[in-house]
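*Asks:* Sequence:
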Amino acid sequence: MLSRGVYPVKLDNIEQLRVFAALTGIVLALAGIVLALLGSKDADMVSLLATGVGGFELFFCGQALSRRLRSNNG
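Under our numbering, the first residue of the sequence shown is numbered 1, with each subsequent residue one higher.
None of these hints come from the bench; they were simulated from the model.
Careful: at least some of the hints might be erroneous.
Estimated spans, in silico, between C-beta atoms of each pair [what the hints assert, rightly or not]:
hint: 1; residue 1: Arg-4; residue 2: Leu-69; range: 32 to 38 Å
hint: 2; residue 1: Leu-37; residue 2: Val-6; range: 40 to 46 Å
hint: 3; residue 1: Gly-54; residue 2: Leu-2; range: 29 to 35 Å
hint: 4; residue 1: Val-34; residue 2: Ser-71; range: 40 to 46 Å
hint: 5; residue 1: Phe-56; residue 2: Val-9; range: 20 to 26 Å
hint: 6; residue 1: Ile-26; residue 2: Val-6; range: 23 to 29 Å
Note that CB positions come from ideal geometry on N, CA and C, so glycine has one too.
Work the whole structure out from these sequences, hints included.
*Replies:* Now the structure itself:
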């Protein structure tokens with residue numbers, strides 16, 4: 001327990017992976033915007049990488065919703 005009765009956040013491996021993917025997606029999206037504004041040829045590649053990370057996050061979000069629905073109804 002931390003000061004003032006606050007418990008530390010404990011994330012399992014999947015939750016840590018989701019946080020890392022979200023941060024990576026944000027960084028890639030910002031890099032894509034900057035590269036597009038500068039007129040770089042790499043802007044397309046960076047935007048595709050950000051889209052891939054976003055798809056990964058959507059998959060995990062759908063999986064979490066599916067688990068939640070199954071646990072409530074089962």
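*Asks:* Which of the stated hints cannot be reconciled with the structure, identified by number in ascending sequence?
*Replies:* none
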